[in-house]
Amino acid sequence: MSSTQARCLILACGNTLRGDDGVGLWLAQWAEQRFSLQSGVRVIADHQWTPELAEDVARAHSVLFIDCSLSLESGSLHLSPVEPVSGGPEHNTHHLGAAELLALGRELYNSLPREALQLTIGAGSTELGEGFSDSVTAALPAACCLIEETVLRLLSASEYPEPAH
Amino acid sequence: MSQTITIDPVTRLEGHGKITIQLNPQGEVEDAHFHVTQVRGFEKFCEGRPYYEMPSLTARICGICPVSHLLASAKACEAIMAVRIPHTAAQLRRLLNMAQMVQSHALSFFHLSSPDLLLGMESDPVARNIFGVAAARPDLGLAGIGLRRFGQHIIELLGTKRVHTGWVVPGGVTEPLSSAHRDEMLAMIPKAYADLKLAITTYKQIAGSFKSEIKVFANFPSNYLGLINEDESIEFTDGALRLIDPKGSIIEDGITASRFTEVIGEAVENYSYTKFVYYKPLGYPQGSYRVGPLPRLNIVKQMGTPQADKELAEFKQLAAGPVESSFFYHHARLVEALYGIERIEQILADPLILDKHVRATAGVNRLDGAGQIEAPRGTLNHHYKVDENGKMTWASLVVATGHNNNAMNKGVLQSAKAYVKNGKFTPGALNRIEAVIRTFDPCLSCSTHAFGQMPLSLTLVNADGEVVDRLVR
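Protein chains in written order, with this note's numbering: chain D, 1 to 165; chain C, 166 to 638.
You may find that some hints are simply not true.
In silico SDA-like pairs for lysine to any residue, Cα to Cα no more than 25 angstroms straight-line [said to hold, decoys possible]:
(1) C/K209 with D/E127
(2) C/K356 with D/N110
(3) C/K481 with C/I379
(4) C/K209 with D/N15
(5) C/K556 with D/L128
(6) C/K209 with D/L17
(7) C/K356 with D/L112
(8) C/K556 with D/L17
(9) C/K356 with D/E107
(10) C/K556 with D/G129
(11) C/K209 with D/G129
(12) C/K556 with D/E130
(13) C/K376 with C/K412
No lab work stands behind these hints: they were computed from the structure.
Please construct the entire structure, taking both the sequences and the accompanying hints into account.
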């Protein structure tokens, strides 16, 4: 059960039975194959992000979260930094967002990754079914390129000592 | 003019629900209902599928207790195949079930209920969550995460996935246990004991400060149902059901999965999609009962493991007969989690645990089959009928939350009468009414076989049927 310290942790979530909601898991599978020979890359793909992942997140040098969103244009890609934010009264204990996982990791393990990014793919349809919408299918090559570029940059950055605060 | 209070959504449940409180013209609580407003229809869309798909299909009902559905379903399929699974397969399934029970009880205690127990029922709702617990008691936050990881990692080592593993199949399991995985599991056990003992110690330190909640948290005489072994020890995967009355006397014993539908019925109320399960000979609602950790400990005479037996003896001191207040579900859950860790250790010491023969094969030998187990939150029964080609023609899934539905509704009414006076309530009172439901740790996804989100609300309705207040979280 040891929480391997990853130089780059890729954390994806989604449901492969709900159309575009499965895109995060598809990309995680792609990343696992692409970086299978690359030491330091760890991929965790699950239906949802649960509190116990806070340890993996807290101990990683860098984290790339991958998820989709219905509120973004279908097939669009958004890569943005994530900052820790604690949950409020509406907080759901069964699954957490990327910002909440970072906050929980900081609270319990007194540790944060040097860099945390989230790649969000605009979802077109999350109706029952295993296929992706045309727009999400068309976005897959660009999403893979973006993941490759980002992970390689995060790995490169992790080779240098953390700057003194 | 009477009023109704609605709590919508009830938070920190497996799924969501809604509570409505009806007030009379004097502003006193007249009635209360816990509504489950989803519908999913798994039983219907299973029809026409091959029976051997049922374990993986029904496991999709829930992301929290898929293992329970896998096991009950596989047992129903094996009744259709008329096979007895190999010893090692049975032991590995018990191991899986215990791992799920430990992680599920950890989720219930640490993540869902400890915000109330540690921070207080009237504490700031903004901080009354796992983040608040992590800030106030980081040792408990870490223990909760540790126990969840313990259970989930065993599930992952057995079935390669933490959620919705396909490792359990009709006839046994797909892969034997490797020595490396066994050793990895054994290495996790000392920390699991330490985490669990911290939880038990903390619970015992704080339980005394909840005397007023204990009095009104579904604290009434009821019947209790659960699996039990012939030596009267607790059982989660095999055995037969025992139903006891409010004084602890046996009403009926030896209810096997195949006899389940003969003695257990399901009633319907117009305010909930969750059915109301009852014991047929006593009728509805007199035949209602409770299931889950509290009833299981009320029913058994022993746990069957040394440390849990000591805890059971202490638990039994809480009352002369069955322990009635549902507040003590929390206590019972921790005793069971301790038992679960001990059983995992015992099972891993079985000299045949690495045996490679883990699956029996057969075709359709019966057109009817049922399987039952104890899920973390109570008894689960799957009953299937198939045609001669093995196609499903009928399915019935009776889950813990259905068994507990009547008791949960009575508990909501009891607590509403205690905490709503003159048509007025405070956020702390509302949280206490929700907390009654949380003691049962209901799984609303399972109980409705439901799909998607279901927020729970609290609504206050007057005698004229007008909504006079509503709380939505």
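Original post:
Does C/K209 pair with D/E127 here, judged by a C-alpha cut-off of 25 angstroms?
Top reply: holds, 19 angstroms
Original post:
When you check the alpha-carbon spacing of C/K356 and D/L112, does it fall within 25 angstroms?
Top reply: holds, 24 angstroms
Original post:
Regarding the pair C/K209 and D/G129, is the alpha-carbon distance no greater than 25 angstroms?
Top reply: Cα-Cα ~18 angstroms, so holds.
Original post:
Is the straight-line distance between the alpha-carbon of C/K556 and that of D/L17 25 angstroms or less?
Top reply: holds, 23 angstroms
Original post:
Is the straight-line distance between the alpha-carbon of C/K356 and that of D/E107 25 angstroms or less?
Top reply: holds, 21 angstroms
Subject >> Satisfaction of hint between D/L17 and C/K209, Cα-Cα up to 25 angstroms >> reply: Judged against 25 angstroms, a Cα distance of about 19 angstroms means the pair holds.
**OP:** Starting from C/K556, check that the Cα of D/G129 is at most 25 angstroms away, please.
**Re:** holds, 22 angstroms
**OP:** Would you check the hint for C/K209 and D/N15, treating anything up to 25 angstroms between C-alpha atoms as holding?
**Re:** Answer holds: C/K209 to D/N15 is near 22 angstroms, not above 25 angstroms.
**OP:** Measure nothing beyond the straight line between the CA atoms of C/K356 and D/N110; if it is 25 angstroms or shorter, mark the hint as holding.
**Re:** Given pair C/K356, D/N110 holds - Cα atoms ~20 angstroms apart, limit 25 angstroms.
Original post:
Can the restraint linking C/K481 and C/I379 be considered satisfied, given a maximum Cα separation of 25 angstroms?
Top reply: Given pair C/K481, C/I379 holds - Cα atoms ~16 angstroms apart, limit 25 angstroms.
Subject >> 25 angstroms limit on alpha-carbon distance, applied to hinted pair C/K556 and D/E130 >> reply: holds, 23 angstroms
Original post:
Is C/K376 close enough to C/K412, meaning Cα to Cα at most 25 angstroms?
Top reply: holds, 22 angstroms
The structure meets every hint from the earlier list without exception.
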